[in-house]
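*Asks:* Protein chains in written order, with the working numbering: chain A, 1 to 670; chain B, 1 to 203.
Each computed SDA-like pair below joins lysine to any residue, with the alpha-carbon atoms no more than 20 Å apart:
no., chain 1, residue 1, chain 2, residue 2
1, A, Lys529, B, Pro32
2, A, Lys529, B, Gln39
3, A, Lys544, B, Glu68
4, A, Lys56, B, Pro35
5, A, Lys152, A, Asp219
6, A, Lys56, B, Ala31
7, B, Lys69, A, Glu545
8, A, Lys543, B, Gln71
9, A, Lys529, B, Thr51
10, A, Lys375, A, Pro390
11, B, Lys69, A, Ser566
12, A, Lys284, A, Glu329
13, A, Lys544, B, Gln71
14, A, Lys529, B, Phe58
15, A, Lys544, B, Lys69
Not close to chain A: a few residues of chain B, all C-beta gaps over 10 Å, as computed:
no., residue
16, Gln30
17, Gly118
18, Tyr123
19, Gly143
20, Pro149
Hints were generated in silico from the structure; no laboratory data involved. Quick reminder that beta carbons are idealized off the backbone N, C-alpha and C, glycines included.
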Amino acid sequence: METLYKKVNKAALLLAVAAGAALQSCSGIESSQANTAVASQADADAATKVYVAPGKHDELYSFMSGGFSGQVSVYGIPSGRQLKVIPVFSQNPENGYGYTEESKAMLNTSFGFVPWDDLHHPKLSRTDGMTDGRWLFVNANNTPRVARLDLKTFETAEIMEIPNSAGNHCSPYPTNDNEYVIAGTRFSVPINVEGKYEDVNFSEYKDKFKGSISFVKVDKKTGDMDLDFQVLVPGFDYDLANGGKGPSSDWVFFTTYNTEQASTLKEIGASQNDKDFLAAINWKLAAKYAREGKTHEMPAYYYHNKLDEKTHIATSEIKKKVRILLPEECPGLMYLIPVPKSPHGIDVDPSGEFMIVSGKLASIIPVHSFSNMLKTIEKKDFIGDVGGIPILRYESVLAGEVKEPGLGPLHTEFDGKGNAYTSMFVSSEVVKWKLKDFKVVDRIPVYYSVGHLVIPGGDTKKPYGKYLIAMNKITKDRYLPTGPELAHSAQLIDISGEKMKLLLDFPTIGEPHYAQAIEAGKIAPNSVKFYSLEENSHPQATKKESDTRVERKGNQVHVYMTAIRSHLTPDNIEGVNVGDEVYFHVTNLEQDWDVPHGFAIMGNNNAELLIMPGATQTLKWVPQKAGIVPMYCTDFCSALHQEMQGYIKVSPKGVKTPVAFSTGGKKPAA
Amino acid sequence: MKTLHKLLLLAAAISLGLLFLFPMWKIYVQAPQYPEGLQMHIWVNKISGSTDYSLQNFNILNHYIGMEKIQPDSFQELTYMPYIVFFFMLTGALIALAGARRLVLPWVFLLMVAGAAGLADFYMWLHKFGTNLDPHAPIIIPGMTYIPPFIGSKQLLNFHALSLPGPGSIGIALAVVLGLAVFFLERRRKGASIKSAEKTLVL
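Chain A on its own, in the form it takes in the complex (with noise of 0.2 Å):
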């Protein structure tokens, strides 16, 4: 019977298909040629507006976490061209970031190596308001740390722990002026003032959970970072936060989610409460009463970790304190706002006026107003407190909201033209609206479920409105399929004119949380080109070929060597045993762009090193055989770089051959 149905019903499909067919082709053929001409004179204006010719330089640079992968990816806008990979929180083997002696120490923690993190969200360093082009700064969510990326060398040139904080995810967030990078904690964790341990349960959540949210100090000049001190908030989830501009200055905002307090089954208990809240902290009040000595002192025990500049060696330094502001003891520091349930995104426009809280769950986008909050917490307008910070009235503060604007509203960004971009995770589309009337004046689909969005400034008082990236969870169909895991895209979406249009996509590496852009020009003309040799004060560097030379120190042999086109001194090493431990100082003696010489060896458990011109870089070996052992340069620096090699003898355990060392048969000449 029920086959007889299915047949039935597949005939009749057949029918119609073959009908509709017919049709189309009396009348469909000329209309539809011309949709072809038109989708494809589309398609070639786009292409135009993404051709970057070879040898051209893009117009922008693009930052782009790296999520899962630790990394940040450098992409040229608006062709999508990857420019580099910058390992923070990862180990790198293709540098050697991370397994060099010289770069190990910056992934040192409180709980040890951590050769890994999960890094979200991008966020450049600003001066008056606006992007400068000196430095990034990005979090590790998974081990509570953040990193400051030196922009004129693309490099990771300091990593802070984060003490009192447990997912680091709402970081990192720079003031108007770099005043503060401010980072919260996304779990909840029982944090004592007395800094002792305490035996705590999952069922005392209430009562001993609590958040963190810190403040690091930015040096002016050379970007250093130090945490000046933190505020212990009510223990709920932080999830992202934006500071504030033009007249909300002092303020920076947050999002909070699990407002209900829950230790367990999170996506039902923490979604109970019809609305949680955006925490108002007032950065510049804080810093007053940290500076007035309103502070806990609190003993803690956190890692910072910083690049030498001249050295090119990383170097620990255990931080045993930590400041503690206390809301309740700090009138007007915080105060709390409510908004729809499990709120992401927070971000304040171009003039400072509209706070946008996009909630996941909810089915509008709530823009609250400054200048309303300001007057509420004036009229003293609260409808409650959590441990003393007031909680001010939903209604008094809403500047409006923005109705039926998608599914799953995640993030906005501005184009500085009156209008806002909020990122659709459920319906996959970016929505266009204005912030004049809280319309919805355009959509676009994205393939698929976006997250964050990027425009470049978007998050500054004047944003660079052409362009917008989206950045993309799900990718499926969009490029040939490579097994089960697929690259995640980003797409370039023109936002010059009334409608977007999509221009681009492009695959990313990792999952790109959140994205930076800037004007190439505020970055292109500061970029190092070489480490001057003259200033490389590591102290085992060899800056001429007649200094290189094998010294034996009990178990430790140290090699000083060089490396210059097209040749390593010394190439010929002898007096190694099974079991040494032979570190391998290698200088590249290249004064010249784009002349990294490489070093690696034969079965060594390690990975390789990528030295740059000017600088020395130590590579770490255990041989484990006797026998002769090849070494040579892995990045092909001239037409001789295949030839660039040599050999290390390695004797067995116990048999005494003396250290002996040349190149070219002779030893190493002035």
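On the provided structure of chain A, position chain B as indicated by the hints.
*Replies:* Okay, now just chain B, sitting in the frame of chain A:
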């Protein structure tokens, strides 16, 4: 000597000072992988380049074809040439101040000889570096030599080399031109005064 002529000769002597401010000669090379180019600057007292490291980069490239390392210390000329320039500047100034008209032409002549000797020396160095190649060099192309152009351009393997006098050389040229001008102007003035003297005699 007329005051104006004395000043002109003084200017000639001083213009030689350009040799200490600018290179005498510049050699530019360009290759596909060196779009930004490399420059070698030859001064009266040193050899340098467009960057602090140009010389090192020239030497790195040159070692593949077995060219001898260019080391400024090995050029004796660079130590004594500045004194020769000082000598011409000093004597030029003294001749101008003393108004020693008869010494102007010998000064100019000597300067021209010195300049020519400098050029000849430069040419010989180019020839020596370009032909005296290490027989064990990695790249040997039978019959190929690498003499950079003395003046003008030349293709050397993948490198396009261009050689031109630098602003320092203008100092010498200026000194010669001014010196000669003073000599001729003075000669005409002298000729004119003799003629006018003859005239008075006739009258």
